[in-house]
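Each chain, written out:
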Amino acid sequence: MTITLLHLFPEDLGVSGDSGNVQTVAYRLRERGFDVNVSTYASGDSLGDKPGAVFIGNGPWAAAHRALEALAPVRSTLRDWFSAGVPFFAVGTGAEILARTITLRDGAEISGLDLFPFTVVRDRDRLVAYNDCDSRLGRIVAFSDLSSEWLNDDTAEPLGHGVIGGKRVARDDGVIVASSIATQLGGPVLALNPHIADWVAERIVEHAGRAFDATPLPTDSLAENARAVILENMDQVFTTIAL
Amino acid sequence: MRQSLAVIIGKCVYALTKLRGGGSAFPGLVALRIAPRLLQNAFTRVPRGIVFVLGSNGKSTTTHMVSQILRGHGLSVFTNPTGANLPQGVASSLLRQVGARGVVRADIAVLEVDEAFAVELAEILAPRVVLGLNTQVDQLYRFIDTERAGVMMLDAMALASEAIVTNRDDPFLSTIGDRRAAKTPRVVAFGVASDVVAASPNGLLNAQNFTERTAVSSLDVVTEVTALSDSGTTLRTRDMNVALSLPARGMHYAVDAAAAVTTVQQVLGEEWSADLTAAAFAAMKPAYGRGEVLPFEATDVTFVMFKNMASLQLNLDALPHETGPVMVAIDEGTPDMSWIYDVRFDALRHVDVISGDKCWQMANCLAMKGVTVDLVEPSVEKAVARMRELVTPGVRQTWVVNYEITMIARKLIGFSELASGS
Ligand SMILES: [Zn+2]
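Residue numbers (the numbering used here), protein chains in the order written: chain A, 1 to 243; chain B, 1 to 422.
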């Protein structure tokens, strides 16, 4: 059995190393003995058969908006997969187009694909910093470059609760629904946090009706050391420009 | 008076910071506080005017090329050192190079300018020619939307008083002609012949333009890269084929050379000489840390700049087949390096040492990509000591390092650092 990881718009939505999330999950599945095939989707392609998981990454809003238009005709297929328990892992603006609605900087509100239970307001000041989050999946250490506010539905569960940057701004991140995650964390987050990658991998394997052996991998100590360095540098100030 | 005061105090601050070890933009910042018009006043007596070099990648190399070609034509040139491309950085480089009156005495000034400050500096300094090299995804934590950087460069390019030099193959910068209301300044372009692009493993790596859906411009392409070899390039310009040696390997250096030649032609007009240009390139050394080769024990080291996805990929694509012992060293000077997952590291099947604060992040990525890594050593001193043990006479080493570690590593092998400005 081959597990297909479907990566949507890898060329256009990949500015936060989003292919690293796909590479990490693929790597961890292969190391556990599964055959993995990564397929990609761009405008005009056919979505293909139901995949083992769907990934979408972060990019310029203009690119995400184009992706939203391209995905509108296949929205019902994506919704069917989502509700059937195919894990989705979505980051940044790629996740925003999967939300209910998006309010743009000019105040206009547009519809998202309505998979994840949150709405987006794309008007916040840039906030760029390292993140330290608690989550029920474990501690998450990451990097984020925020330029929008996500408002979860009342009943929706945030992925994590944590602090961001040297000023330790308190902040909830993302949303977790059944087997799927939408997040604003970068780094890429799954490469830095193999335990979260394994949670995703396990959902994929489970959905395929197989058992997952979550034995740690030798590379985990590398990621652990990388997280420790980020935690030491939480105060790092990132120079940004206003959008 | 303010100008002299600012320059004298600035020079003192400069001397003090130098004692402390390491150049910085701080003296320039101090001088600008004392004399806010420091820069305007400094450049009033530059007869041939000011040239700006903008771009996500290659600014330092191209600024160096433009300066050297102009010097080859007998001009005296004021320029800012690598990376000193913010107003305070330009001011700092000024303090080192001017007399007490704070006036630049050179025929022409060639300045590399940071995208985010390009419009501000163009308004202050009124450049005669502005060169836009490329829009590539750079320093993501500053430019989440690359188009923002592209627009900032276009806005600054439009402020050239005489000529705009742009990149035909860049989806952002090539639209400059559409943005200009009048015929002044004139617009000329450089580009790369399609067969040369096709032969490059990962292409030109310019950022896509998602906003201008029909970015079609009729540009006057005056210089084209028509051939590339291990040591140089051939440009087609002014109905001539001009063969140039390049200071370092890679298609991106050929693009920089085409941009530099086109820019110098705009400055010099009929005074431009192909022979003097070729001679200038033959004598050119790489810009600091950009493909620079330095002696190291019984061999030497190629410094490969680790800056962003596009430039690293182009640098890796340009590596010779035999890389010798390899060190990769990155520190917090590159706080977000999530883009390493988008880089194809095929050129480095093997890495001997990974170092710097970011060594674990790098090692994690390379391990997943199947690149063999012998040693992860956070201390750069120890990593360089390990590379010293790996020296085989005549077998050149390859060090892939970010800007900050370039400075540390150069010092560790006995080369002084330059003033940095950013
Ligand atoms: Zn080795």
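Mixed in with the good hints there might be a few duds.
Keeping only pairs whose Cα atoms sit at most 35 Å apart, straight-line, the calculated DSBU-like set for lysine-lysine is [said to hold, decoys possible]:
(1) B:Lys307 <-> B:Lys11
(2) A:Lys167 <-> B:Lys307
(3) A:Lys50 <-> B:Lys369
(4) B:Lys382 <-> A:Lys167
Pulled from the structure, derived: some chain B residues nowhere near chain A, Cβ distances all over 10 Å [said to hold, decoys possible]:
(5) Val137
(6) Pro335
(7) Met337
(8) Tyr341
(9) Ala363
(10) Ala367
(11) Val376
(12) Glu389
Now the in silico label distances, taken between C-beta atoms and shown as ranges [claimed, not checked]:
(13) B:Arg388 <-> A:Lys50: 23 to 33 Å
(14) A:Lys50 <-> B:Thr184: 53 to 63 Å
(15) A:Asp235 <-> B:Asp346: 35 to 45 Å
(16) B:Glu270 <-> A:Ser46: 39 to 49 Å
(17) B:Pro201 <-> A:Glu69: 49 to 59 Å
(18) B:Gly394 <-> A:Asp220: 35 to 45 Å
Please keep in mind that the hints were generated in silico from the structure rather than gathered at the bench. C-beta: ideal position from N, C-alpha, C; glycine also.
Against the structure, the hints:
{"no.": "1", "hint": "B:Lys307 <-> B:Lys11", "verdict": "holds (31 Å)"}
{"no.": "2", "hint": "A:Lys167 <-> B:Lys307", "verdict": "holds (27 Å)"}
{"no.": "3", "hint": "A:Lys50 <-> B:Lys369", "verdict": "holds (27 Å)"}
{"no.": "4", "hint": "B:Lys382 <-> A:Lys167", "verdict": "holds (34 Å)"}
{"no.": "5", "hint": "Val137", "verdict": "violated (6 Å)"}
{"no.": "6", "hint": "Pro335", "verdict": "violated (6 Å)"}
{"no.": "7", "hint": "Met337", "verdict": "violated (8 Å)"}
{"no.": "8", "hint": "Tyr341", "verdict": "violated (3 Å)"}
{"no.": "9", "hint": "Ala363", "verdict": "violated (5 Å)"}
{"no.": "10", "hint": "Ala367", "verdict": "violated (5 Å)"}
{"no.": "11", "hint": "Val376", "verdict": "violated (7 Å)"}
{"no.": "12", "hint": "Glu389", "verdict": "holds (23 Å)"}
{"no.": "13", "hint": "B:Arg388 <-> A:Lys50: 23 to 33 Å", "verdict": "violated (55 Å)"}
{"no.": "14", "hint": "A:Lys50 <-> B:Thr184: 53 to 63 Å", "verdict": "holds (59 Å)"}
{"no.": "15", "hint": "A:Asp235 <-> B:Asp346: 35 to 45 Å", "verdict": "holds (37 Å)"}
{"no.": "16", "hint": "B:Glu270 <-> A:Ser46: 39 to 49 Å", "verdict": "violated (58 Å)"}
{"no.": "17", "hint": "B:Pro201 <-> A:Glu69: 49 to 59 Å", "verdict": "violated (32 Å)"}
{"no.": "18", "hint": "B:Gly394 <-> A:Asp220: 35 to 45 Å", "verdict": "holds (40 Å)"}
The structure shown violates the earlier hints numbered 5, 6, 7, 8, 9, 10, 11, 13, 16, 17.
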